[in-house]
Structures are given as C-alpha cells and as structure tokens.
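Chemist: Residue-level listing of the chains:
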Amino acid sequence: MVNPGYKNFKGEDWVDPTPPPAHLPHVDEVGSTGAPLKSASFFIGAQCKEYNEDFMLCKNEDRNPEHCLSEGRKVTRCAIDALQKIQSKCQVEFRAHWQCLDGKNQDLGRCRKYEKGLNECLFTAFGWKKDVPGAPANKPQIHERIPLTN
Amino acid sequence: MPVPFESLIPFAIISGMFLVTGTGIRFAQTKRNEGKLARYSLDDWDRKMLQRDKQLTGTERGQIDEPVAPEEFKVNSAWKVYDSLRNDFA
Numbered sequence: 011m012v013n014p015g016y017k018n019f020k021g022e023d024w025v026d027p028t029p030p031p032a033h034l035p036h037v038d039e040v041g042s043t044g045a046p047l048k049s050a051s052f053f054i055g056a057q058c059k060e061y062n063e064d065f066m067l068c069k070n071e072d073r074n075p076e077h078c079l080s081e082g083r084k085v086t087r088c089a090i091d092a093l094q095k096i097q098s099k100c101q102v103e104f105r106a107h108w109q110c111l112d113g114k115n116q117d118l119g120r121c122r123k124y125e126k127g128l129n130e131c132l133f134t135a136f137g138w139k140k141d142v143p144g145a146p147a148n149k150p151q152i153h154e155r156i157p158l159t160n
Numbered sequence: 003m004p005v006p007f008e009s010l011i012p013f014a015i016i017s018g019m020f021l022v023t024g025t026g027i028r029f030a031q032t033k034r035n036e037g038k039l040a041r042y043s044l045d046d047w048d049r050k051m052l053q054r055d056k057q058l059t060g061t062e063r064g065q066i067d068e069p070v071a072p073e074e075f076k077v078n079s080a081w082k083v084y085d086s087l088r089n090d091f092a
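Chains as they are written, first to last, in my numbering: chain A, 11 to 160; chain R, 3 to 92.
Stretch-level coverage of chain A by chain R, calculated; a stretch enters the list once three of its residues show a Cβ under 8 Å from a Cβ in chain R:
#1 27-34
#2 93-103
#3 107-115
None of these hints come from the bench; they were simulated from the model. For clarity, every value in this text was computed on a predicted model and none was experimentally measured. Think of the CB as a built atom: it goes at the ideal place given N, C-alpha and C, for glycine as much as any other residue.
The shape of chain R in the complex, shown without the other chains:
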C-alpha cells in the first residue's frame, strides 16, 4: 500500500511553521531597521557610531553623506542620567 497522504500533513505543518517564524523574524527586523537587514557583531565602535548616526539623522540606520553637519549637531548629544540629577530646562 503506498504512503497515505495523511501521514505527510505533519511535515507540511512543520515546514509551514518554519516559514512563518522565518518570515515573521525578517519582517520584524526590517521594520526596525527601515528595510535593511539587521546589523550584527557590533563592537563598541559600531555602537557609538550608531548613536552618532541617531544624533545626526534621528534614527540609527539613517545615513547622510554631507561633509558638514547641521548646526543642531553641536548641541544635541544625549546623556543618560539618574532622574534625580536631571535639570528641568524650560
């Protein structure tokens, strides 16, 4: 008797689930990275460069290639401080 088709349904379900998770992860990463693949193997240099890119363009994956930075760049570096140390600038 040949292989019954019912026995292949679990394989189809399993491969379908692989497809779903793969697609879901890719969708989530491209959404977070503006359509580009995620950066991996980041060292301290890359993390600080991503922070600088955020200062320049507003997002960590945005890129511009102007030689001269806009004026806001001189004063918009952000620091993480304790809540008790924040000053409230009006």
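Chain A with its partners taken away, still in its complex shape:
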C-alpha cells in the first residue's frame, strides 16, 4: 500500500528497532510462515479453541492493543505448543503437505493426497481428527468426500 503523497515515499521501509517494554512478560513468537500455518490451521484451532475464543471476545470489548495482551500471549503459546507437537511426530507428512500447498496458491482442495497422509499420521500419534467446525453433520466432511475430480 502506498501512502498518499507518494513523492515523499522513496520506496524504503522504516524499521523501528525499539524492543517491547521491559515490564511485559516474555513470549516467543510463532515462527511459521503462511503455508505451514494453513496446513496446521484446523489442528491449532481444535487444540487452542478456548484461548482463541477468549482473545476474540476480549478484542470485541476493546480494540486497544493494550487491553488483550495477556490473552494474546496465551494464544501464541498454545499455537507454538501445537506446532511443536506436530513437528515432533509427523514432520515428513507435514512438510510434504505445506510444500504442496505453497505451490498451489494455498488451496486446500488441491492437496488432498498429502492432507490424507498428514491426518492419518496425526490421528495415530495424538488422536487428533480434523473436522470443519460448522459443517452439516449429516453429510461427510469435505476432505473425506470421494473426489469428483483429481
């Protein structure tokens, strides 16, 4: 996005090197980029449901960043925990799935083959099952349907 008054904007980004204030507790940041996060998204969502809902309700009250710092820390820690668990047991299938997603515009529907391998690995390792929240219960989940194409 270019700011209005573009002739003053020389195309360089300005980085603020000030660290966060010292009185806040330390929290590691999630280090995954977009494709691994999308691949693990349903599992992170299932594991971290309470923390995520707390954070969203807190943000609903007040959009000030300072208001929801502690809930945000819990969300980050939970996501890191879920990713570490996935990496510990199912790293090969996870990597195959997100590398496929990366090449296909991050469309989940185009990488069902690798997703199947990842889901089976996670089910045998932790008992986690991927299901889409809010899907109709009387029909099979979209990732378990017999594909019409591909």
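Given chain A, work out where chain R should sit, using these hints.
Modeler: Coordinates of chain R only, in the frame set by chain A:
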C-alpha cells in the same frame, strides 16, 4: 492445386509468438516467485501474511516451519512513513 506452403507461414509465426509470450510470462513470474507459480486472488489476509513471511524469511515466498521465531522477528516490522517523519537512527 494444393495449399501452398507459403500461406501457412503466418500461422506458424502467430503460434510462435503465442509460445514466446507464454514462455516469457512464465519465466518472469517464476523468477519473481523463486520457482513457484504466482499467487492469485489475494485478499487482505493473504497480503498481510506475505508481508509477515517477508519479515520472517526475507522474501515473500520463502517458507519456514519453525515453531519459535528468531529473535530478530520481534523488532523488524517495517512501516511506510513519509520522508519528513523518518528518524535517523544511527
């Protein structure tokens, strides 16, 4: 008299030009996206995710899957500001 071969040369030229433009576009896009196909239909979420990926890996299409980010990630978010508002940190 059968079809003279000279009349088919324009068709060959036209198809050759299609090939050239197609190859050129594909080459330019894969060069820009590190060998991957270009992302399309990007919404605000995807654009902000690409910006975050650039912070984490240096390029918009680079991917890593570490659970914990490197230390530089906490302080390297970039902002676009007017030249008159930039502070010169030594």
